[in-house]
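Starting from the known structure of chain A, fit chain B onto it as the hints suggest.
2 protein chains.
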Amino acid sequence: MADPTQHLTALRSKLLEIQHLKNAAALLSWDQETHMPAGGGQARAEQLATLQTLAHAKFVAPEIEDLLLHLVDPATGLANADGLDDDSKALLRETWRDFSRARKLPSDFINRLERECSLAQQVWVEARRRDDFLHYLPNLQTIVTLKFEEIDYLGYDEHPYDALLDTYEPGATVSQLQPLFATLRRGLLELLAHVRECASPPDDQVLFQPYDTQQQLAFGELVLRKMGYDFNRGRLDLSAHPFTTSFHPTDVRVTTRVFEQDLPSCLFSCIHEGGHGLYDQGLAQAQYGTPLGEALSLGIHESQSRLWENNVGRSKAFWTHFFPLLQQYFPAQLGSVSMDRFHAALNTVKPSLIRVEADEVTYNLHIMVRFEIELALIAQQVAAKDLPGLWREKMQEYLGITPERDADGVMQDVHWSMGALGYFPTYTLGNLYAAMFFEQAHRDVPTLETDIQRGHLLPLKDWLNRNIHQCGRQYSSSDLLRRITGRPLSVEPFLSYLRAKIGDVYGFQLAWHA
Amino acid sequence: MADPTQHLTALRSKLLEIQHLKNAAALLSWDQETHMPAGGGQARAEQLATLQTLAHAKFVAPEIEDLLLHLVDPATGLANADGLDDDSKALLRETWRDFSRARKLPSDFINRLERECSLAQQVWVEARRRDDFLHYLPNLQTIVTLKFEEIDYLGYDEHPYDALLDTYEPGATVSQLQPLFATLRRGLLELLAHVRECASPPDDQVLFQPYDTQQQLAFGELVLRKMGYDFNRGRLDLSAHPFTTSFHPTDVRVTTRVFEQDLPSCLFSCIHEGGHGLYDQGLAQAQYGTPLGEALSLGIHESQSRLWENNVGRSKAFWTHFFPLLQQYFPAQLGSVSMDRFHAALNTVKPSLIRVEADEVTYNLHIMVRFEIELALIAQQVAAKDLPGLWREKMQEYLGITPERDADGVMQDVHWSMGALGYFPTYTLGNLYAAMFFEQAHRDVPTLETDIQRGHLLPLKDWLNRNIHQCGRQYSSSDLLRRITGRPLSVEPFLSYLRAKIGDVYGFQLAWHA
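Chains as they are written, first to last, in this note's numbering: chain A, 1101 to 1614; chain B, 1101 to 1614.
Looking at chain A on its own, in the form it has when it is part of the complex (with noise of 0.2 Å):
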């Protein structure tokens, strides 16, 4: 009988090649948002298809199978083999995850899906552009069919929306998050309410007047620098999104955008994505291909970039060492501003149409939005054409507010279009690991908040590489969060945290301590 760690050997090539054209085809994606002309759209669906077909006709063929038969307990799904240390159990548990979920979709489903959804991307952008939903529905409707289809082949205990999630977030139900989001969204409201009664509310247009786009770019890379992206090992790069993606640890690249009258977007930008860089870069490279090395969930994922876009990137701690800097980029805008000003205008709180540019007060709100139309629709409550009209109600439900075109309504987002329902709660999901792994760092690391304040990014950046993006899949996320914080996962640290910040910036900070 063979050795078992012949088996596992086997088994890494194979996975190693799997990944190979994976990321080949994540190129081809980065290439389609960064470069391709309009014409080549139909030419790159087909590739994109040929390329995941390939990869999951390989990952769930009979010799994978065989490997992990020898090395797995199916009825488990755990590592049965003995003399394997505890990354090769967690790698062996992973990958069967992986390989059971893969195997239940047909071949011919995934070449469809992906060749539906790179179509229906190209779609999105000119509808968005035009503002024309009906230009979009037969795409969105195709997209909805074909995931209801997945849902079938997935199957799923409690409710079909948890086939869809269980794909960016192993584990998370919707019957987990329902009274997550009702606690958090009291919380918001409750905090929304306070900000409404400021008599005197900071004031942000300092952020909005003309700063130089090339100085803002310099300022962003400037940031990704200390903050310890490795530019060596990725990129900074323009596009109409900004996104972060990844072909190794050793090329991973990031995008912002720049407009002349907003210094928030290519801030913000730049350290939101710099954050699932660092990830991106931190993962253990001799892990390469296997699930050990590779990102845990999209929730964990969005907590590195919203813990540096937001627990550390609008803190007075960060402003300390940065303003200073800022002030050099633009004498004529902010020479005369003070930092507690600035800090305050960074942070005001106001309903607003556009997920990507809302405050940490109101975000959550529209992640809430879209995870109750997603389940209505995976709930067949509601079909594709109505989304316009229930977008409008669930926006003045939430935000007391209601777009008047679809592009700033319901066709803001890319992910319906790239087929990624079940996605968006893992937004809200990384903010609220983001505040638990924030706390926790400051416990680990005593000198984190003065080393902030000096502009020294590094040992916050050494934490999460160690305690996070080390860990590849190795924990789950619950494991994970047990492991480093000792405690589940609550509503509570996130909402202390939004208290603490907006209620000293809106003056009602007493009131939360009474």
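Quick caveat, the hints were computed from the structure, so don't treat them as lab data.
Keep in mind that a hint or two might mislead.
Same chains, same label: a pair holds when it works inside one copy or across any pair of copies.
With a Cα cut of at most 30 Å, we get these calculated DSS-like pairs of lysine-lysine [claimed, not checked]:
1. K1416 - K1326
2. K1450 - K1114
3. K1204 - K1189
4. K1485 - K1601
5. K1416 - K1158
6. K1485 - K1122
7. K1326 - K1158
8. K1204 - K1601
Model, not experiment: these values are computed from the prediction.
This is chain B only, laid out in the frame that chain A set:
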């Protein structure tokens, strides 16, 4: 017994999947040259090797062999099924040719070759920058060893070099090229002697004064548009070394470079790459994935770029329309320059070190230097370590000059680091084909000269589309040449064209008619 069209349909479907893989690899290579961060090189080499190995394995798989053996007689390599049209017969002939070659190469060899070439290119870039041949020598030695291995797999009748040449120019052999090159050399050296005797040669200093780079790029784009290059199916980027790449006829990308003190560099890069781009955009979309939708050979490809660059772009007819426009772009530099003086400046002849900057008379002498060095290398008469010295000797022999730096000598071209030994002669073939095609185009389209004088370049593009691009690999190079021109390949049309133009510019035209 199944209908041959069923087998053919199945074959086309499999070829299409392989083409998608190859074009994904082409995008990874394009990205390596244009955007990839330096640290990503090792992972990229692995990804490229994976894709190419997979494409190769899928092509030589038993399923393809079975399909081919239903349709092709392996003894003749020709279609033997009844009821096939000429297109299908050509498709099968060429697919069998590719298949027969590909299956001689083991999968493991493809994997090693692709990885080593990707790495060697990256080392070459650095070595060239540092002018350090020894830094690059180990990679070059590896490539040469792999090429010997490849020759052993492929086999040959007369000369081992033929095995390599056949990859780029099917059917070409050393015994065919050597007398052709000898005749050409004599003609060029005679012409060069006349140029050297000229008492008042034209002055090209007007081309090498400061020209705004944005204006240069704008003019290059204008010419590309006038040539009929479709920007909805293409794009123009900057890169260190201009090139054209294609992922489908709907996504064909050209690059250029731009130097403030050098007007011809950007201008002729745009036109040259535009010629390649028109070929790739002009391939038959319905035949994509099959040999009928592929370029015929590198020589024919180069004929398209050189025809546009030289026969058109360095002609008086072309500048009759475009020089007044160029004067509007650069009034300070060109406002008081006559078109004749400008045309003469573009056609000055002077031996120089760098192939891609060479004039039309000396260009092919650069190719002969490389051809002879490659022949000596493949015949094992010289080792890789001795190439810098041999390069200097041959440059002295053919062009009468010697490079001081290897960066301007043996390391100036990317080809050897790409594993592309046997490629250089196709450049000279391209020049010879271009002269013959351009002559014939004038016969077929009597208004061509006046069209070009009026800036109407589409009649030429259409002629090339119809006669060359749309044919794909339906005919061999020599058959295509004979179909179009009625004549076999010869150096005379090229020499006549050069004698007329250079004689005109240098004032010795009468001597040639004597």
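Hint by hint, here is what the structure shows:
Only within a single protomer do K1416 and K1326 lie at most 30 Å apart by alpha-carbon distance; the minimum there is 17 Å, versus 57 Å between protomers. For the homomeric pair K1450 and K1114, neither the shortest alpha-carbon distance inside one copy (51 Å) nor that between copies (56 Å) is at most 30 Å. For the identical chains of this complex, K1204 and K1189 are intra-copy neighbours only, at 23 Å inside a copy versus 42 Å across copies, given an alpha-carbon limit of 30 Å. Taking the shortest Cα distances, K1485 and K1601 never come within 30 Å of each other, neither inside one copy (41 Å) nor across copies (67 Å).
For the identical chains of this complex, K1416 and K1158 are neighbours neither inside a copy (50 Å) nor across copies (58 Å), given an alpha-carbon limit of 30 Å. In the homo-oligomer, the alpha carbons of K1485 and K1122 never lie at most 30 Å apart, since the shortest distance is 33 Å inside one protomer and 39 Å across protomers. In the homo-oligomer, the alpha carbons of K1326 and K1158 never lie at most 30 Å apart, since the shortest distance is 41 Å inside one protomer and 47 Å across protomers. In this homomeric assembly, K1204 and K1601 never come within 30 Å of each other (Cα to Cα): the closest approach is 47 Å inside a single copy and 69 Å across copies.
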